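Chains V and Z, in that order, give the protein sequences. Numbering-wise (the working numbering), the first sequence opens with residue 1 and increments by one. Numbering-wise (the working numbering), the second sequence opens with residue 197 and increments by one.
Be aware that a few hints might be false.
[As the list claims (entries may be wrong)] List of simulated lysine to any residue pairs, SDA-like, C-alpha gap at most 20 Å: (1) V/19 with V/41; (2) V/95 with V/63; (3) Z/261 with V/98; (4) V/95 with V/58; (5) V/52 with Z/267; (6) Z/206 with Z/254; (7) V/52 with V/25; (8) V/152 with Z/254; (9) V/95 with V/157; (10) V/52 with V/63; (11) V/19 with V/65; (12) Z/261 with V/41; (13) V/19 with Z/265; (14) Z/266 with V/95; (15) Z/261 with V/142; (16) Z/266 with V/25; (17) Z/261 with V/26; (18) Z/261 with V/137; (19) Z/261 with V/96; (20) V/19 with V/96; (21) V/152 with Z/252; (22) V/52 with V/19; (23) Z/206 with Z/238; (24) V/152 with Z/265; (25) Z/261 with V/78; (26) V/171 with V/187.
[To be verified] Here are the in silico distance ranges between beta carbons for each label pair: (27) Z/339 with V/63: 38 to 44 Å; (28) V/183 with Z/272: 45 to 51 Å; (29) Z/254 with V/175: 30 to 36 Å; (30) V/66 with Z/291: 23 to 29 Å.
[What the hints assert, rightly or not] Covered stretches of chain Z, as calculated for chain V (at least 3 residues, CB under 8 Å): (31) 208-216; (32) 236-248; (33) 258-268.
For the record, the hints were derived by calculation from the structure and aren't laboratory data. Predicted model only: the values in this text are computed from it and were never measured. For every residue, glycine included, the Cβ atom is placed at its ideal position computed from N, Cα and C.
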Amino acid sequence: MIDLEKTPTIRGDIELIRKLQAGDFQPAGMLMDRYGRDLMHYLASILNNREKAEDVFQETWSRVLQSIRRFDLSQPFGPWLFRIARNLAYDQLRKERRWRFRFLEPREESPVFEPSTGSGFDRQLIDRNLARELLARLEPMYREILWLRFFKDRSYQEIAELCHLPLGTVKTRLRRALERAGEAWEEIAGETDARK
Amino acid sequence: MPESNGNNCKHYREQLIERLLESEPAPGPLADHLAACPACRSFWDALTGVQPAFALPDLYTPGLKYRTLKRLAGQVERRDTGFMTFLIPVSFLSLLVWFAIPLVLLTWLFDYWLARTWFSLLLSTLLLTTLGFVIGSLAFVWLIHGSGGDQLKPRIEEILEGFHA
Numbered sequence: 001m002i003d004l005e006k007t008p009t010i011r012g013d014i015e016l017i018r019k020l021q022a023g024d025f026q027p028a029g030m031l032m033d034r035y036g037r038d039l040m041h042y043l044a045s046i047l048n049n050r051e052k053a054e055d056v057f058q059e060t061w062s063r064v065l066q067s068i069r070r071f072d073l074s075q076p077f078g079p080w081l082f083r084i085a086r087n088l089a090y091d092q093l094r095k096e097r098r099w100r101f102r103f104l105e106p107r108e109e110s111p112v113f114e115p116s117t118g119s120g121f122d123r124q125l126i127d128r129n130l131a132r133e134l135l136a137r138l139e140p141m142y143r144e145i146l147w148l149r150f151f152k153d154r155s156y157q158e159i160a161e162l163c164h165l166p167l168g169t170v171k172t173r174l175r176r177a178l179e180r181a182g183e184a185w186e187e188i189a190g191e192t193d194a195r196k
Numbered sequence: 197m198p199e200s201n202g203n204n205c206k207h208y209r210e211q212l213i214e215r216l217l218e219s220e221p222a223p224g225p226l227a228d229h230l231a232a233c234p235a236c237r238s239f240w241d242a243l244t245g246v247q248p249a250f251a252l253p254d255l256y257t258p259g260l261k262y263r264t265l266k267r268l269a270g271q272v273e274r275r276d277t278g279f280m281t282f283l284i285p286v287s288f289l290s291l292l293v294w295f296a297i298p299l300v301l302l303t304w305l306f307d308y309w310l311a312r313t314w315f316s317l318l319l320s321t322l323l324l325t326t327l328g329f330v331i332g333s334l335a336f337v338w339l340i341h342g343s344g345g346d347q348l349k350p351r352i353e354e355i356l357e358g359f360h361a
């Protein structure tokens, strides 16, 4: 687990968590301000949908409030919070998969990672659009691991702890995510050529 | 999209992924290939472009915080009433007083007369459930027609009307 000394935010968190454990829910707002931005971004990276990410975000805090009495104050709050959110996000995906299987629901609506519209042939815009299209085509677990490694710059060890995975699996999954991104890039290249 | 050079490019792309995993820059021959092959350069740009593509506008908004806190407030309110924590022991106590204890006593009594334990148990259960049903029905009738029915009666009529409609 992550050492208390290495995670300075935990010192400030402890007082807030103690209040939460005592039944006062107001400190949840302050914890939300501290972790909300990253948490929403993380959920969006898994779910690729803003509305669903917001639903899971609310559910996460609701679960936090339910189980805060069992939270061990010697552990950092952040990884615990993100693990709850992660479990709920994957539960949501599992539910959707079952639903889609039964009713053949169409592809994702209002994705977070969608190519933005813009005028002209701005090179940066083309690159960003291509990368967003890539992300949209990746499976959630690959998007998640790429987000943790390349956007949040998390170490393999931290990713392993958060995702409850052995270190070797983290490395393999990351490699597979990049390979899958490469395949997606080739798919996009093929589609672009076919349109010409 | 630029054309790729088959197996040769595949080999270089595997190396590019390796470089990215190790967070190292492309070494000499790989850099030379990137400079010469537009397809692999585009591939490399796509992979390295993943990181900035994650940069989204702030999704954590004051509105989201407000909605979440409102939900938490509702949750705390429900918890504070302690309804469920109170209900469970009361239900157990009620079951014990009105069913379990009379059942044991009646079974003991019947067994004393009949000297057949299982038959006594069955008889006691039947007697108690019948008694419970009669008392329940009488209470229901009293609730509807008696003084206690002032609030319940319109609600039952409403349900029945809905059922008929």
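Hint check:
1. Restraint check for residue 19 of chain V and residue 41 of chain V: not satisfied, since their Cα atoms lie roughly 27 Å apart, outside the 20 Å limit.
2. Of the supplied pair hints, the one linking residue 95 of chain V and residue 63 of chain V holds, its CA atoms being roughly 18 Å apart against a limit of 20 Å.
3. Our distance criterion of 20 Å between C-alpha atoms is broken by residue 261 of chain Z and residue 98 of chain V, whose separation comes to about 30 Å.
4. Straight-line distance between C-alpha atoms of residue 95 of chain V and residue 58 of chain V comes to about 17 Å, which keeps the hinted pair within the 20 Å bound.
5. Distance check on the hinted pair: residue 52 of chain V and residue 267 of chain Z sit about 16 Å apart at the alpha-carbon level, within 20 Å; holds.
6. Among the hinted pairs, residue 206 of chain Z with residue 254 of chain Z is inconsistent with the structure: their alpha-carbon atoms are about 38 Å apart, more than 20 Å.
7. Our distance criterion of 20 Å between C-alpha atoms is broken by residue 52 of chain V and residue 25 of chain V, whose separation comes to about 24 Å.
8. For the suggested pair residue 152 of chain V and residue 254 of chain Z, the alpha carbons sit about 15 Å apart, so the restraint of at most 20 Å is met.
9. For the given pair, residue 95 of chain V sits about 29 Å from residue 157 of chain V by alpha-carbon distance, which is inconsistent with the 20 Å threshold.
10. Proposed proximity of residue 52 of chain V and residue 63 of chain V is supported: the alpha carbons are some 16 Å apart, at most 20 Å.
11. A distance of roughly 11 Å separates the Cα atoms of residue 19 of chain V and residue 65 of chain V; the hinted pair therefore holds under the 20 Å criterion.
12. This hinted pair checks out: residue 261 of chain Z and residue 41 of chain V have alpha carbons roughly 14 Å apart, not beyond 20 Å.
13. The straight-line distance between the Cα atoms of residue 19 of chain V and residue 265 of chain Z is roughly 15 Å, inside the 20 Å bound, and the hint therefore holds.
14. For a cut-off of 20 Å, the pair hint linking residue 266 of chain Z to residue 95 of chain V is broken: about 26 Å separates their Cα positions.
15. A threshold of 20 Å between alpha carbons decides the hint, and for residue 261 of chain Z with residue 142 of chain V the separation of about 28 Å lies outside it, so the pair is violated.
16. With a C-alpha separation of about 10 Å, the suggested pair residue 266 of chain Z and residue 25 of chain V falls inside the 20 Å cut-off, and the hint holds.
17. With a C-alpha separation of about 12 Å, the suggested pairing of residue 261 of chain Z with residue 26 of chain V holds against the 20 Å cut-off.
18. Of the supplied pair hints, the one linking residue 261 of chain Z and residue 137 of chain V is violated, its CA atoms being roughly 30 Å apart against a limit of 20 Å.
19. Restraint check for residue 261 of chain Z and residue 96 of chain V: not satisfied, since their Cα atoms lie roughly 25 Å apart, outside the 20 Å limit.
20. Pair hint residue 19 of chain V plus residue 96 of chain V does not hold up; C-alpha atoms about 36 Å apart against a cutoff of 20 Å.
21. Restraint check: the Cα-Cα separation between residue 152 of chain V and residue 252 of chain Z comes to about 13 Å, which is no more than 20 Å; the hinted pair holds.
22. For a cut-off of 20 Å, the pair hint linking residue 52 of chain V to residue 19 of chain V is broken: about 29 Å separates their Cα positions.
23. Proximity of residue 206 of chain Z to residue 238 of chain Z is assessed by CA-CA distance (about 13 Å); at most 20 Å being required, the pair is judged to hold.
24. Our distance criterion of 20 Å between C-alpha atoms is broken by residue 152 of chain V and residue 265 of chain Z, whose separation comes to about 27 Å.
25. Between residue 261 of chain Z and residue 78 of chain V the alpha-carbon distance is near 18 Å, which keeps this suggested pair within the 20 Å criterion.
26. Restraint check for residue 171 of chain V and residue 187 of chain V: the C-alpha separation of about 24 Å exceeds 20 Å, so the hint is violated.
27. Between residue 339 of chain Z and residue 63 of chain V, the C-beta spacing of about 40 Å keeps the proposed range 38 to 44 Å intact.
28. A hinted range of 45 to 51 Å holds for the C-beta pair residue 183 of chain V and residue 272 of chain Z, which are about 48 Å apart.
29. At about 31 Å, the CB distance of residue 254 of chain Z to residue 175 of chain V agrees with the hint of 30 to 36 Å.
30. The supplied range of 23 to 29 Å is met by residue 66 of chain V and residue 291 of chain Z, whose beta-carbon atoms lie about 28 Å from each other.
31. Counting residues of the segment 208-216 of chain Z whose beta carbon lies closer than 8 Å to any beta carbon of chain V gives 3, which meets the minimum of three for the stated coverage.
32. Check on the segment 236-248 of chain Z: 9 of its residues sit with their Cβ under 8 Å from a Cβ of chain V, so the three-residue criterion for coverage holds.
33. Here's how the segment 258-268 of chain Z fares: 7 of its residues keep a CB closer than 8 Å to some CB of chain V, so the rule of at least three is met and the hint holds.
Hint compliance for this structure: hints 1, 3, 6, 7, 9, 14, 15, 18, 19, 20, 22, 24 and 26 are not met, and every other hint is.
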